[in-house]
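Line order of the protein sequences matches chains R and X. Counted the way the working numbering counts, the first sequence spans residues 1 to 352. Counted the way the working numbering counts, the second sequence spans residues 1 to 297.
Since the hints were made in silico from the structure, they are not lab data. There may be inaccurate statements among the hints.
As the list claims (entries may be wrong) - Per the computed footprint, the stretches of chain X lying under chain R, defined by three or more beta-carbons under 8 Å from a beta-carbon of chain R, are:
{"id": "1", "region": "97-109"}
{"id": "2", "region": "112-121"}
{"id": "3", "region": "230-244"}
{"id": "4", "region": "261-274"}
{"id": "5", "region": "278-286"}
Said to hold, decoys possible - Stretches of chain R that chain X covers, calculated by requiring three or more beta carbons in the stretch to come under 8 Å of a beta carbon on chain X:
{"id": "6", "region": "62-74"}
{"id": "7", "region": "145-155"}
{"id": "8", "region": "270-284"}
Backbone N, C-alpha and C fix where the C-beta goes; we use that ideal spot for every residue, glycine too.
Residue strings, one per chain:
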Amino acid sequence: MVNQRWGYWLFFAALFLAPFYLTEFRLSLLGKFLCLAIVAVGISLIWGYTGILSLGHGVYFGLGAYCMAMYLKLEASRGHLPDFMEWSGVRELPWFWKPFSYPMVAIAAAIALPTLLAALLSYFTFKNRIKGVYFSLLSQAVVVVLVTLFIGKQEWTGGTNGLTNFSTVFGFSLSSPLTQIVLYWLTTICLALIFVAARRLTSGRLGKVLIAIRDAENRVRFLGFNPTVYKVFVYSLSAAFAGVAGALFVLQVGLISPEMMGIIPSIEMVLWVAVGGRHSLMGAIVGAIVMNTAKSFLSENYPDLWLLLLGALFVVVVLFVPKGLAGIYESLVAVRIKAKRGHEREARVDVS
Amino acid sequence: MFIDQLFNGLSHGSILLLIAIGLAITFGLMGVINMAHGELMMVGAYTTYVTQQWFANDMPHSAGLYFVVAIPLSFLIAALLGWGLEKSLIRHLYRRPLDSLLATWGISLILQQTARLIFGAPNVAVVPPSWLDGGIRLFGAVFPYKRLFILCLVLAIVFFLYLYLMKTRAGRRIQAVTMNRSMAACLGIATQKVDAYSFAIGSGLAGVAGCALTLLGPIGPTIGTYYIVDAFMVVILGGVGKLAGTLLGAFGIGLISTFVEYSTSATMAKVIVFVLIIAFLQWKPSGLLNVRTRSLD
């Protein structure tokens, strides 16, 4: 246990020091992956611990990103209308864009909006005990609806192109390496805080209730708990994480479009967690980083192969390694401990 | 105007029913989430494309007849593929619905990419048979033959499926296994065999749906993802385990979305219909029609 805690410290220290040993290009990639790892922690919470499979996390991620992007866009337009609005003939800034000229409002909205949407969806489905695959499919339908809406309302959202061409944040240039490093650190800190918070949450009493809900929801109900409250809470929390991740993502990547919140990105998020190990928060982080590294390498060099590989990976992970990388690691550790114990026993036999 | 909208709604509903009817078997009766269902449709659509090419090249005199051959052919090929899928993958995941969802999603990616490698990424157009051009004029509205054909095809499929499930031994075995698997097994039904062929039938119906979709426009490797979510919504709204529910769900969604679309826009119609579905599930969480049961889970 002590060993493991040291491992976590070491991991986050290595991430934090990355600007000193990675090139600018690789650092920007890593920063992007860490944002996605934040989403993965949230998915591990709801899927690995509570047994809710959400295929809609792309939407929460996207909403967070759009909120931040609206602020960046307004700052980049310097008091004028954003360029895409002029192209589609909008004369005046729509009312819901106005508050986003204040960065604090944008940041608050990037967390609050996804949380609210998730709370609404999960309350109305979990209250009626709609669960399992039905919830997964409904969350996927939310993705379809929101993506259609964002593409359709081009004059408000920038349509398929999304929001891009930002210049500054809080007056600092987004393209300067220093800003990018600061943003990277901010991402690392957010990831570490969210990881610690999620660990606290799952190691306590609440975590036990969540696992109990996953394993036997009705028994939990008979014991006097109300699973709906717990499920809505944890689902909204993971949506909030995704919102934070989206806001950080758009700051570093400088682009958000409906394509990045669609069905396929949403389900890919689930795959990162499945590969890393759904029952393990650290596994989810590692899974997100490993999978995205593999993706950025393979999809550039062998774009045809990548999709086949991705598809095969879904099948292989589900059939043969349902516990993912974390499961492999755990069984290795178990083997070592067993071997160690075996030696001790032999040693004892020798003595007697 | 009203008749126009009514027909459009019925036509939209018939398309929804066509893509959902296979799911009503694999998802509704067997409880398997097959995300590759859309890709089985794609397989049917490409089968039709290949058949059409074949007829156009080798038998130009009877080129219009290709569609008659394409329907059973796409059923067969999609059914075979579904059968293989059940044997190799899905049977290991019956007790893990969420995992089967992910694994079949993986299959759908593989199938999509394979189609892209064989036929190329751009959409291909299937020339509809000439005997389906034109339409009937009735009450001042035009009813295109293609849409009428799809409507009739769907009704025929529902009719024969109903006969099959209710009146034949094989169909009754499917029902028995759905209702009580262990009891059916005790009475000597080979449940695994039943699983395999029910899944094959559901997949084959997806193939037929894909074949019919070629009448409506060009087809591409991603045609399945376009329809899959709608198809699942139909089955969920209709209620799992009842074919009649799927029928009602499909025509309900089709009619409502057409009328909403008429008074707003296509985008808003999608949003409003989804909100209506969620609202409806508040009232009836298990859909329009459901199998009454006393069990808790």
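Tested hints:
1. 97-109: holds (count 12)
2. 112-121: With 5 residues in contact (Cβ-Cβ under 8 Å with chain R), the coverage given for the region 112-121 of chain X holds.
3. 230-244: holds (count 3)
4. 261-274: With 7 residues close enough to chain R, the hint holds.
5. 278-286: Since 4 is at least three, the answer is holds.
6. 62-74: violated (count 0)
7. 145-155: It holds: at least three residues are needed, and the region 145-155 of chain R offers 6 whose Cβ sits within less than 8 Å of chain X.
8. 270-284: holds (count 3)
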